[in-house]
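Protein chains in written order, with my numbering: chain A, 1 to 220; chain B, 1 to 250; chain C, 1 to 515.
Hints are supplied without guarantee of correctness; some may be wrong.
In silico PhoX-like links for lysine-lysine, alpha-carbon gap of 25 angstroms or less [claimed, not checked]:
1) C:K212 to A:K118
2) B:K126 to C:K515
3) C:K514 to B:K220
4) B:K163 to C:K66
Since the hints were derived computationally from the structure, they do not count as laboratory data.
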Amino acid sequence: MPSSKNEILQRIRQANTSQVTGVRTQSTLIRTTPMGDSEAKLDHDDLVKQFIERVEDYRSTMVEIGPDELASAFEKVLLGIEAREGFDTICVAPPLLHLFNKTVAGYKVTHPDRLTLKDYNSKVLGTLTGCAIGLAASGTIIFNSSDDEAPGISTLVPDHLFVVINESQIAQDIVGAITSFDLGRPLTMVSGPSATSDIELARVEGVHGPRNLTVFVVRQ
Amino acid sequence: MKVAIFPSCIVDTIFPEAGAAAIRLLERLGVDVDFPLEQTCCGQMHLNTGYETRARKLAAKHLSSFSQYDWVIGISTSCTTTVREFYPQLLGATSAEVGGSGKFLELSEFLLDVLGVTELEGTFAKKVTFHTSCHSLRGIHLGDRPQRLLSMLEGIELIPLPKSDSCCGFGGTFSIKNSAISTVMMEEKLANVYWTGAEVLTAADSSCLMNLSGGIQAAKKQLTVMHYAEILEIATRQSQKKLLNHSGGR
Amino acid sequence: MSKTSSTIHGPNGSIPKANTWLLRTEHHGEERGRIFFKSRSTREIRNLQMRKNISHATTTIREKRKRVVSEVPNWEELRTRASQIKQHTLANLDVYLEEFERNVTRAGGKVHWARDAAQAREIALELVRESGASSVIKVKSMVTEEIGLNAYLSENGIEPTETDLAELICQLAGDESSHILVPAIHRNRVEIRDIFEATFAQKGSLEADPPKIAEAARKHLREKFLRSTVAISGGNFLVAETGSVAIVESEGNGRMCLTLPNNVISIVGIEKLIPTMEDLEVFLTLLPRSSTGERMNPYTTIWTGRPPAQMTPERETTEDRKSYNIILLDNGRTRVLSDEVGKQALACIRCSACLNVCPVYERVGGHSYESVYPGPIGAILTPQLVGDALAGDLAFASTLCGACYEVCPVKINIPEILIHLRSIHSDHKRDSVSGNLERGSFGIVGIVMGNTNLFNIASASVSRILKYGGPILNKIGKYLPPINGWVESRNLPKAPNDSLRDAYRKGTLDALLKK
Numbered sequence: 001m002p003s004s005k006n007e008i009l010q011r012i013r014q015a016n017t018s019q020v021t022g023v024r025t026q027s028t029l030i031r032t033t034p035m036g037d038s039e040a041k042l043d044h045d046d047l048v049k050q051f052i053e054r055v056e057d058y059r060s061t062m063v064e065i066g067p068d069e070l071a072s073a074f075e076k077v078l079l080g081i082e083a084r085e086g087f088d089t090i091c092v093a094p095p096l097l098h099l100f101n102k103t104v105a106g107y108k109v110t111h112p113d114r115l116t117l118k119d120y121n122s123k124v125l126g127t128l129t130g131c132a133i134g135l136a137a138s139g140t141i142i143f144n145s146s147d148d149e150a151p152g153i154s155t156l157v158p159d160h161l162f163v164v165i166n167e168s169q170i171a172q173d174i175v176g177a178i179t180s181f182d183l184g185r186p187l188t189m190v191s192g193p194s195a196t197s198d199i200e201l202a203r204v205e206g207v208h209g210p211r212n213l214t215v216f217v218v219r220q
Numbered sequence: 001m002k003v004a005i006f007p008s009c010i011v012d013t014i015f016p017e018a019g020a021a022a023i024r025l026l027e028r029l030g031v032d033v034d035f036p037l038e039q040t041c042c043g044q045m046h047l048n049t050g051y052e053t054r055a056r057k058l059a060a061k062h063l064s065s066f067s068q069y070d071w072v073i074g075i076s077t078s079c080t081t082t083v084r085e086f087y088p089q090l091l092g093a094t095s096a097e098v099g100g101s102g103k104f105l106e107l108s109e110f111l112l113d114v115l116g117v118t119e120l121e122g123t124f125a126k127k128v129t130f131h132t133s134c135h136s137l138r139g140i141h142l143g144d145r146p147q148r149l150l151s152m153l154e155g156i157e158l159i160p161l162p163k164s165d166s167c168c169g170f171g172g173t174f175s176i177k178n179s180a181i182s183t184v185m186m187e188e189k190l191a192n193v194y195w196t197g198a199e200v201l202t203a204a205d206s207s208c209l210m211n212l213s214g215g216i217q218a219a220k221k222q223l224t225v226m227h228y229a230e231i232l233e234i235a236t237r238q239s240q241k242k243l244l245n246h247s248g249g250r
Numbered sequence: 001m002s003k004t005s006s007t008i009h010g011p012n013g014s015i016p017k018a019n020t021w022l023l024r025t026e027h028h029g030e031e032r033g034r035i036f037f038k039s040r041s042t043r044e045i046r047n048l049q050m051r052k053n054i055s056h057a058t059t060t061i062r063e064k065r066k067r068v069v070s071e072v073p074n075w076e077e078l079r080t081r082a083s084q085i086k087q088h089t090l091a092n093l094d095v096y097l098e099e100f101e102r103n104v105t106r107a108g109g110k111v112h113w114a115r116d117a118a119q120a121r122e123i124a125l126e127l128v129r130e131s132g133a134s135s136v137i138k139v140k141s142m143v144t145e146e147i148g149l150n151a152y153l154s155e156n157g158i159e160p161t162e163t164d165l166a167e168l169i170c171q172l173a174g175d176e177s178s179h180i181l182v183p184a185i186h187r188n189r190v191e192i193r194d195i196f197e198a199t200f201a202q203k204g205s206l207e208a209d210p211p212k213i214a215e216a217a218r219k220h221l222r223e224k225f226l227r228s229t230v231a232i233s234g235g236n237f238l239v240a241e242t243g244s245v246a247i248v249e250s251e252g253n254g255r256m257c258l259t260l261p262n263n264v265i266s267i268v269g270i271e272k273l274i275p276t277m278e279d280l281e282v283f284l285t286l287l288p289r290s291s292t293g294e295r296m297n298p299y300t301t302i303w304t305g306r307p308p309a310q311m312t313p314e315r316e317t318t319e320d321r322k323s324y325n326i327i328l329l330d331n332g333r334t335r336v337l338s339d340e341v342g343k344q345a346l347a348c349i350r351c352s353a354c355l356n357v358c359p360v361y362e363r364v365g366g367h368s369y370e371s372v373y374p375g376p377i378g379a380i381l382t383p384q385l386v387g388d389a390l391a392g393d394l395a396f397a398s399t400l401c402g403a404c405y406e407v408c409p410v411k412i413n414i415p416e417i418l419i420h421l422r423s424i425h426s427d428h429k430r431d432s433v434s435g436n437l438e439r440g441s442f443g444i445v446g447i448v449m450g451n452t453n454l455f456n457i458a459s460a461s462v463s464r465i466l467k468y469g470g471p472i473l474n475k476i477g478k479y480l481p482p483i484n485g486w487v488e489s490r491n492l493p494k495a496p497n498d499s500l501r502d503a504y505r506k507g508t509l510d511a512l513l514k515k
């Protein structure tokens, strides 16, 4: 008996060969980019504006800040969030740790390596992290498990996700966006907070992942 | 320019008034239109119900009935769709091409795109709503051509039909094979029609109209149902001078 | 169109029984019965609550889809491109599958091949057992439904938990899914609240409010996410050049399942392959807009082989993820591939746009299709996967209105395939009385219509029948199959004075015109 692999491959070859001529199915590919060349490229300011509008469309919070304003803006945002009993920790991606002095808005600032899965579930209010790039056309943020980022688990389990993106990291759309990554590491595309439309197709945020997404856009 | 009319077997046998209206309308435009009597049925019903071999024979016969004509004007969008969109697969692209399935046009395409009609002199002082048949929309892509022609008439009030692009539930033998679903679709379509308050319901397809008028009569509602060719014909009937202006030729 | 109609049961053998797991007919068990779309839908359509739920939902999503599609200037070009990518991949599927296998293996994953449902289930069970787990968490997957995985795991002592909200609702209610994207669409918020209170939530503890219901599900499932060591997923796209798998989702349950447990098993149909990451960009533009009417779905996870485990002190930080296994499933797909017309269906990316625009689906709901794959895509996929004999009248579940083809992001010509499948069905039904009656009638009508002289006589007699018989038929027709369904709710057309051809011949056209 042939292995199931060989059997399947054999069936494919047979299906793709004409019974009349014995010739294999021919096929050619045309190339066209996903959003097309017909769409005029936006200038930089409009690109950033579109990114902000479209991330906001997912009911995310957008904060535009200057180069040195992250720490204070983050504190302000945290102060506006309703406290949750027992959740006294903020996970901060290692490259951003130097911005804080042990605490921010009364929360303990903690390195991801010192947190367990259980902590993320029961102590960590949210995670502040960098990202790889942003896509304006769809309002998407891409994580590539790089050193700028907090680990995937920390951006997934807590209620709040805070992302910092530099305006230079914003690309027009998906064209060329995911082909440029090292695929040895998982790639995660995030567009707004976790959401479901499973009940009457009414959108509800925060089923399993973060309920709230806040994005800090750093303008030069 | 030799022009033939292809009224469809349903119009020929059950709604001849729509075919007569189209012929008179074309004549008023100065188009010499023939009704080739060898034509019977395009084969749509057989094709759609799964009798492909029979449909292929009907298709071949249908094309040969019109072999001497430059244009074949249809007034049933589903039949014109069958010829133009499905014959190439049914008969093989080359033989459908040789037979000229591309010369089959719907009335409004012929009037607007070939004759270049830009105005119509005539009055139709009624509230009218237009059902967009599936095949006019997605089969031969008529767009709003019939409505553009209607809106050239004096006094006509075209009331948009909510969910105009959703199917009326006819679907040929679907209305027999799955009558419960067909009935619900028809009733919901008619509820929208009644909601418009229109006096006249029209469309570019007599099979949809057969379905809908059947429902209207069974519900004992007062609503006139007619093909849009009939409206154009009635509206332009009284004019004495040259009725229609067109630039000719595409 | 049915140039290859004989091949559907042809070179690759007959339909194996194992394929019937995707059927949801009313005769359950090993010998699953055939689909009766007409009788099932005639019953379902009386469920007014279901119809209201579905009509509300599909109307909403249609508008959303239209809006975001109109933002993409070259949408039509993209559809063509996507269709070509799929056709190209299918034409070279053997080459791309082997390339995919090589790349997954290089990245530390393991590829398994399953010729049918039974083999895929056995491989999956074996893998779960190897991991030592007694329960698994699941990412929503059509293919695991197709092979009846959950029932099989349960029978063998492994407890599967669906983590997608709608799948969880169906699992708890014992419901069958009724939509590809939103499986519990046939239920409204009150019904869902009641299902939760009847199972894991306390009676009277929940409001019938979507955010409250979602919150209850979050709490209920959170513990399972943290505890589980094995997750089972499907896959939206497999990328041959890299060996990557992409999962497109909204809730984050997919990310949870793919990130937290150390063992992940994916079961994916062989038709989900695409050649390159660049191609993936095309599909990620098309899929969310077609599916949920969003510019992008909340979460897409793309990984390759065995990614590193999440480093936390609680887990073995020095060790990589223990295992990544992927099972490539045929289960009838190669047979579909051998059908010249029908193979288009393999391009499907399960977006469910065709369900959302279908006027028939809107009225009868997903259960009427008696298959894991409902709606227009189900009407062309199910008959090809299970064979004409079991698919019954499913190919006739459409008015051929074409709305599905118009929205399909990979341009599957669904009406064309339906007509093709109807032709296969008509060829096969010679053995039933009603089938022969219909075939006979269509034969006679075909002969009459194919002969101008006979047609002349017939068209005159139709007029006479309607004139003298119409009023009577309008009264008693409801007892006369096959016209009973028509006459129950409609009158027959009134008889014309003359046929068009007779009036034309006699020169009396003006007498036909309306006054």
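Against the structure, the hints:
{"no.": "1", "hint": "C:K212 to A:K118", "result": "holds (24 angstroms)"}
{"no.": "2", "hint": "B:K126 to C:K515", "result": "holds (15 angstroms)"}
{"no.": "3", "hint": "C:K514 to B:K220", "result": "holds (20 angstroms)"}
{"no.": "4", "hint": "B:K163 to C:K66", "result": "holds (14 angstroms)"}
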